[in-house]
Every structure is written in C-alpha cells, then in structure tokens.
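Trainee: Two chains, two frames, some hints: make the complex.
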Amino acid sequence: MLIWSRSARWPIWALFAAAFLVIVAAPLAVLVAAALATEWNDVLPGGFTVAHLGAALTGENQGSLLVSLQTAAVAGLAAVAVGTWAALALAAAPRWLRKGADGLLHLPVAIPSVVVGLGLLVAYSRPPLLLNGTRWIVLIAHLVLVLSFSYATVASALTRIDDSYAQVAASLGARPALVLLRIRLPMLLPAMSAAAALAVALSMGEVGATIMVYPPDWRTLPVTVFTLTDRGRTFDAAAATLILLGATLVTLLILGRVSRGRATTGVSP
Amino acid sequence: MTESSAVQFDRVSVRYGQVTALRDFSLDVATGETVALLGPSGSGKSTALKALAGFVRPTSGRVLLAGQDVTGVPPHKRGLGVVVQQYALFPHLTVADNIGFGLRARRMRRTESARRVEEMLELVGMERYGRRYPRELSGGQQQRVAIARALAIRPPVLLLDEPLSALDAQLRADMLDELRQLRDELPDIAILYVTHDQTEALTLAHRIAVMREAELLDLDTAQGLYRQPPSEFTAAFLGGANLLPATVRDANGTVEVGAVTLTAMAPGPLVPGAHVRLAVRPHTIGVRRDGPGLAAVLTGLQWRGANYRLTCLIAGLDEPGGISVHADVPSIDGLPRVGSPVRVRLPEHGAAVVARAGAGSTAGDAGESFPQNLAGVA
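Going line by line, the protein sequences match chains R and G. Residues 1 to 269 in this note's numbering are what the first sequence lists, from first letter to last. Residues 1001 to 1378 in this note's numbering are what the second sequence lists, from first letter to last.
Certain hints may be false.
Coverage of chain G stretches by chain R, computed from C-beta distances (three or more under 8 Å per stretch; other residues unrestricted) [what the hints assert, rightly or not]: (1) 1068-1076; (2) 1082-1089; (3) 1092-1102.
Hint data in this document are derived by calculation from the structure and do not stem from the laboratory. Think of the CB as a built atom: it goes at the ideal place given N, C-alpha and C, for glycine as much as any other residue.
Okay, chain G solo, but in the shape it has when bound (with noise of 0.2 Å):
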C-alpha cells in the first residue's frame, strides 16, 4: 500500500453459501487516480464493489480507506459516493431533492446544502432541472442527477457501477466524453469504476483491473495492457485480439507463425524454440486474394460501417482444424467470396507474445503444448 492510497482491498473475498462472488482480491487505488473493473458477468466486479460500500460483508479479508480498516463499518458511515446502474434515483423526490439527500442526512444546514446543491446541479449542467422529478428526466439526465447526487457528499471515493449500461450507444458515447471531462475536474477524488465495456475501461481508466471468475486476473495501466496482454484472456477480452501459436526464434521477439516470421513484443526475454501464444489485433491483420502470408479460407464477412470483418480459417498451425482469425479492414475490394481462398499477412511489428495461457480465451484454444504460465518467456 502507497501512502496516497485512497482505497486498499487487502485479500477480499465474498461468499454466498456455496458459491465464491469474490476470491482474494487485493487492488490499491491511489488519490486522484481512476481505475476500471473490467470483466464480462459474474467475474466478481461488482461484489468487488459492494465490499468497499459496505453493501456486501467480506467473508474473508480487509478493506481499507485512506489507510483505515473499514471491513465492519455500516456504509452510512463510510462516506463513499455510489453511482449505480439504474441509478436509483429516488423517485418521490425532486432532482435538487435527490442531490440535496446525503447533505440532510449529515444534518448540514439548509442554506448550505441549498447552495451545495446548485454547485452540483451547475457541475453537472442541469441548473433548470432542479424542481423536476427523476421520471421527467432522460436517460443521460438522470444519470447526471445521480453523479451529482453522489459527488455532493464531497466523498474521496467515487464508485460507478456500470453506469453507462442503460443508455444507447450514442448517448453513451456522449456520457463518456463527460465522465472523462469530470474525472479530470476531480483531481482530488478516487474513482473506481465497474464495467463490462473495453472502450469505457479504456477511455477513462488510468489502470485497468481485469477480472475473471471471481479473480483479479490482470492489473496494469490502459496501454500497457492493450499493447502487452499478460495472459490470453485479457489479449482477448480488451481489443479482441486473435492468438495464434508461434515459436520462438530469439530472445529479442523474433517468432515464426507457419512460415512467416514476425518481430514481437514480448514481456521478457524469450526462450529460444519454445512454443508461445502471439495476441494479434484484428486491425492490424491484412487479407488478400494472393502474394505473401499464411494460406487461409474466407469464412465469414460482415459489414461494420466503418470497415469489414472478415473471419478467415487458417489450416495447419499445429491445430486439429485450422484456427479462425478476424481481420478488420476498411475496403473488400479485390477480395474473393466467401468460401474462397485467401492469404493472410501479420503486421510485421505490434504482434505480443502472451506471458500466460488461460482457456476459454478466442478464436483458437491454448492447447496442452502451451504450458501455464510465463510459457516461453525466460
């Protein structure tokens, strides 16, 4: 634990008579500092958050606050601000109402919180809307209304729970540039931030907790995850990326995927003739009719908008029936039908070799040649 840690979970785990919500999970979040919880459902995230709300009581280990054990505190007395997914928004009270609630709560005086309450509806660009009620609001209104409500408190922690999950896509994307603008405005203020979404984890988080079946799998800034995945699943699960087996030809990156030979980041040197994973991005895999790359079958093409993916299936490469990768590129011309042969061609550079291997990850498996764990990497 740093010394501006604003948030410590120290061996959390939840259980709910049988079933494990959460399994010693350990995270430091500093002041000031905004980290996602990224994972699909059911991989612990949210009871994550629950344990530092109080909402849930950890079955096993410490949760800590600015250096503070608060495991057994109630959370009306931890002073946290939640957002949640459907925001919760009181619906017999007004907007400034709802903003207003956590100040009376704390017994602050009226004019106080009056004016605490402007400060926020102003913060957050809903100035007119106080004397409305939360079903007179939007989507992307009411989910301001619940921001304010929770920054109002002035909390050093600020807890969103997938808080873009009920708007549409374009309000979403909307919200985001906001949340992001907001988080810059709150230098002062720890934000942990649960979602299932790479782009929101990526936008916003200056590090990215990756979890998986009730486990923190990967921690690391945005970039570094994106651009070096540790392990198979969060290559997969952040940016998509396809893996493709490959073999090591030196200690710097060089590593042959059939025959192409490729130049890869790898976190640490390599071992020489060892079998590894390579996380490859869809939009840096190139297609053709012809010319250099590995032989593959176009099985698939759907239009995206802005570019094609294609699903090609690669034969050979050490897999009983060939490994489907995707590839996204902004034009088919020139390309065959589906069904029809095609070549393709891995980025010379930005390819990473993937320290460690985790089942169910994409498009092809790990296999039993690749070993757990730093498999290949010295």
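Just chain R, same shape as in the assembly (with noise of 0.2 Å):
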C-alpha cells in the first residue's frame, strides 16, 4: 500500500468502492436482473423467472453455447501450440528473423477484429482456398486474434528461463527432442497454461470478427446474445450472457488449477 496514514487510505478505498461499483459491479447485477426478470417497466425488474435461464440452455442458445466452447478449446488448444513453438523456434532464431516474426506475431493485437475478419473474409472467398461458409474460417479467425496473445506470454516466460537448464540437460546426454520434452515444456507448462486461460477467455467473447465470417450452421454464443439483443429479446440476450459468462469462467478456474499445480516447479508467466 502507497498510502500509509490510516485515514487517507478510507477515502481512497471509498473512490475506488465507488468506481468499482459503477463500472463493474452494476452492469453486472443489472444483467443478472434481466436475465431473472419477468418484466422491466419501472426501477427494479418486475418479477422472477429462470424461463430465459432455461432457454439460454436448450436449443439453438445451447448449440450457441457448444459452439463457443468448442471454437475456444480448439483456437486456444492450437494458440497454445502454435504460439509455444514460435517462441521456441524464434528464441534460437538469428536476431532480424526474431525481430521481424515477433512483430508479425503481435500484429493482430494492432488490428481491429473486424478488419481481419474483413480479411479472413476476402482471402478465403475463392478457390482453392474457399472457407468462407464453413466453420473453419470461424476458427481461424479465432486462431489469428488470439496467437498474439499466447505467444506473448510463452515468449515471455521464455526469456526468464537460463540457456543453462538445457545446455545441462543436453550436457547430461540428452538429445535435443528429450530436453525438449523433460526440460524444456516442463518448465514452460505454467506458462502454457496461463496462455490457454487467456485465448480460452479472448475466444469466448470474440465477436467482431465472428460475426463477419460465421456461417448458419457455426454461431457462436456472443454472436447469438448479438442478435437477441438487435431483435429486442434483452431478457433472453441477458440470459445467455450469463450463461456465458458462467461457461468461461468455469474453464479459466480448471485451467487455474493446472497452471498453479505446476506453478510451483516451473517459470510462471
């Protein structure tokens, strides 16, 4: 704490209660409000009901639902991959190769998701590259917005692991694969999990690109709360924001707990 009088800590926890409260706080019981409420007409909501709750769960809301998870899992999953190997690749990669790469890998932060779903959209509309209509380029565009990201934070734990651990695996007999695999990953799992946790929350909620690239048969849940809402259907857009929200934080808390169960034996990000 900066602040060591007592009594000028107050007013400041009261500002920052007060900010909190606005920003934070009341958006977020205000759609745990619609998503319970029967109707709205006055200050507070008029009655209870888990009707929306209940449809946000069936139906097209569920699918929404799988689809998201399924893209996060699968956008984070190769993020993940992907961005572990570029770190890898590029920490023993001459210094304009790094350079250059690093600054490529971090473009899409830059970049408005509606300008590379714009992208997405215009490089994939033609043979022999058609994907425009398919789930893939839903993935993709996920894959794109949320790389930046886990190559950041694998790249950066990176840098705070010695070249000694490997060169002292490598010295110990072990070839290159093998300190790869018991050094190495090991070492850069906190990270990796971490980097997960953050693809799996950007992808969830990704709705910029998603909604210029998806086709009918792969929408996901932010898209669908999208089009709840533009219908004037706010109990039921509140409804799967919830559910949503629920979902997302369900899969960062498992994969919380991974990342601090090897926390302890490897570099955190």
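Mentor: Shown next as structure tokens:
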C-alpha cells in the first residue's frame, strides 16, 4: 500500500469502491436481474423467472454455447501449440528473423477484429482456399486473434528460463528432443496454461470478427447474444450472456487449477 | 599434448560478431589434474568452458577430449559433467530425478540408475534428500546436488563454472573444503574450474591459467604463479601484489628500490642496471613510525578483522605523484594518524621480479621506461 496514513486510506478505498460499483458491479447486477426478470418497466424488475435461463440452455442457444466452447477449445489449444512453437523456434533464430517474426505475431493485437474478419472473408472466398461459409473460417479468425497473446505469454516466460537448463541437460546426454520434452516444456507449462486461459477467455468473448465470417451452422454465443439484443429480446440476451460468463469462468477455473498445480515447479508467465 | 591429456584446447578462438570472446587459447589438462581458469569478468574463462562443453562452437581451433577431436560434436555426445553458476537444477524434478536425469537419458536400466543415484547422494552427503524438490534445498545443498548430477554419468572431465559464487562467504569456505575433498576422492577425473576468486583457485587447482581480455596470460602451478608471478597482471590479480619500480644491481637478484637494497626472486639471471618491476605482497611489508625504510605518507587505514590494511604513498621512485602501496599488518599500535609520515619496510627476501609488464595492473603503472616482455631478465 502506497498510502501509509490510515485516515487517508479510507477516502481512497471509498473512491475505488464507488468506481468499481459503477463500472463493474452495476452492469453485472443489472445483467443478472434482467436474466431473471419477467418484465422491467420500473426502476426495479417486475417479477422473477428462470425461463430465460432455461431457454439459454436449450435449442439454438445451447447449440451456440457448445459452438463457443468448441471454438475456444480448438483455437486455444492451437494458439498455445503454435505460440509455444513460435516462441521456442524464434528464441534460437537469428536476431533479424526474431525481430521480424515477433512484430508479425503481435500484429493482430494492433488490428481491429473487424478488419481481421474482413481480411479472412476476402482471402478465403475464392478457390483454392474457399473456406467462407464453413466453420474453419471462424476457427481461423479466433486463432489469428488469440495467437498474439499466447505467443507473448510463452515468449516472455521463455526469456526468464536460463539457457543453462537446456545446456546442462544436453551435457548429461539428453538429445534435443528429450531436452524439449523433459526440461523445456515442463518448465514452460505454467506459462502455457496461462496462455491457454487467456486464449479461451478472449475466444469466448470474441464477436467483432466472428460476426463477419460465421456460417449459419457455426454461430457462437456472443453472436447469438448480439442477435437477440438486436431483435429486442433483452432478457433472453442477458440470460445467454450469464451462461457465457459462467461457462468462461468454469473453463478458466479448470485451467487455473492446472496452472497453479505446476506453477511451483516451473516458470510462471 | 601429453598422452594422458584428458582435455586439450588447440588455439581455440570464439567470436560473437565483432566481439572476440576467446583468442588463440591453448591448454592441456591431464587426467586427475585440476586446472583453474582464473580471471576477471569478460576475460574469456567461461567461454573456454562453454567451448569445451560444446555450448558454443569455436570460430577456429580444435577441442580434443582424450585425444579425439570433438570440436563439431554436439554437447550430448561429449559425456562431460557440467556444474554451472546457478546450478540449473531442474525445478520440476526431485533431487533423485535430477541426479538420475543423465542416466535415464543414456537409457540406463531403472534399477541400475536408482543404485547409482543412491551412490551419488551418499558421495555428497544428501542421502535423506532424494525426494525433495530443488526449491526445498539450501544453496549449499543445491550445489551438492548439481555436483552429484554431473558426476552420476561418470564423466572423464568435470567442468565447474563459478560453482561457489552464489553462496555466502561462510558457506563458500565450507564448500571449498568439500570440493577439495571431493577432488582428492576422484583421481581419475580431470577438472576444469572457472573462477574469478583467487582463493578458490589457489585452494583447489594444481595449475592456474590466468585469463585476461579473452587470452591466456599465464599458466603455472598455483605456488609458482604466487611466488614468481610472470606478469604484472598475475602478480596483482593473484594475491594483490604491490608493483614497485626497481633497478637491478646484480644478476643474482639484488635490486634497489629507491635507497633500499634487497634480494628478490627472479625468473632468470638479471641484467645489472636494468629497470624492473618488483612484486611485493602486502603481508610482507612493514610500516613503522620511524626507522629504516622508504619514506612515505600513511594515506589510508582499513580494519579487516584479522589485520589492518594500510595504504602508504611513497614519494619519488621515479614515478610522478609517488606510488601507493598496500600493507597488511596485524596491529596499528605505535602508528601515527592517517596523513602522517611513516617508513615503509620492504622484505629483505620474498619479493619477486616480474618478467613481463602489463597495463592496468595495480598501484603504480608500468611506465614507459619498462619494456614489454622479459624486461631486465637475460
């Protein structure tokens, strides 16, 4: 705590609490209330129902939830695999290549997701790479958008692992593949778990690029929420959002548990 | 190269872009011998070790192990034991798995590997720690595990890269004793020990290779280098000798420092009348309030527990501004305050004529009157 005086701390805490209430807690509370409301014509919602939540877990909405989970799992896994491979490969690459590839891998962070979506739409709408209208274009869009974060997380952890671990392992007789599998990857596992969590969280919430490329049979939950809101079905949209939030949190908790279990034995991100 | 050379560096150079990290380095290490690579940071000693381990590829020259050229052989095929500065114990493996890593990598059978691990744990006195993780060990224990891991594969050569530098002073002294014992228990292993600490080098090494600016400067037995340092740099770096200008009076080692005449050890017959540098160890110098000796001014005093380090400025001696010398004395009884005149007494025997000059040595510079290489030595 930077402020030592006890009396000066209270106003700071009060200010923080007020800001948190307005910016984070109030929208969430309204979301929960809307998801459970029968009507909302006054200051407070009119009645209580779980029908919207029920609807969010059945039919098309349930399909969207499963699509979101699958998209996040595939994009997250692919992003961690590609990001880790890129980080390991570039760590041993010449300086000019490392700098160039590093910039390229970070590019999607700087580009709005709508631009990524449009780019993929234009690029994959003609043979031989005709992916427009398939689920693959959604998966690729998500991979492109989350890869930067996975790569950055693993690459930054890798810089904190001294070369001497791999060197000593090699001196003990371990071939490069064994050094990678038994030493380098286990030491990177906490960072890889964190990268996976970040990728899943970002993918579960992605809407900008997805809305431009999704086919009718691969509609993610955020797109459904957007559509419901657009049609004026605010309570159903709120319920779907709540489900999205819950599913994301559960996934992150599971990944967090893996990460914590390994954090004491390797290098944290 | 001798027949029993376990290690041979043959004019090895390592360059990183424009920077030369090791230049024309040649050295033999015999089986059973411990050689210390001693030098300041950036002197190339760790690069030499890395070139031997295969962690860096020499730009030119050859590295030989037991007479076989291994210059292009990858590290995992060299079979060397390596202990690095921060130990690099694998954090996700237990102590036993760390020690057994090399054995498993060599596909040794599990039962045999377990037996060897037990043997190694016993060797370093860590029998009860096999199931612990590295983070649960103290610095000294981690170091023992790192040594056990390196020795488990029974390497013919053990490379130690500043293995004590991460420990505190007391632990370092204890571990130095243990390393010396270990060295005596391993008569068939050649040890290359990289350090910047002269005490470690003097305690452990049969021979010391003094490194400076990416080159091997001097190579001799520890006692030889200490008693008769071949260069000013070695005289100063190994034992912190004072370097005083002297004039040779006769070929047998009689020299004059100012008005004081003394007998010095010399690497060969001296040329009468030649100007040379004399290495004088701080503990051999006496400082008195008055009496015989060189006139000086006491300019500094440090209490160092067991002794006092005095700094005295000797005027004259053909050096503009005088020459600062250090003296380690057990007591300062009878000495005047800092800033007062004193007499500096040089030892009648024990000083050594330094054969070669070298810039940036210690108190007092070589000066232009002192020629490079075998100055004053016939």
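Trainee: Give a verdict on every hint.
Mentor: Right, here's what the structure says about each hint:
1. 1068-1076: holds (count 3)
2. 1082-1089: With 5 residues closer than 8 Å to chain R, the segment 1082-1089 of chain G meets the three-residue bar; holds.
3. 1092-1102: As far as the segment 1092-1102 of chain G goes, the hint holds, because 3 residues have Cβ atoms under 8 Å from chain R.
Checked against the numbered hints listed earlier, the structure breaks none of them; every hint is satisfied.
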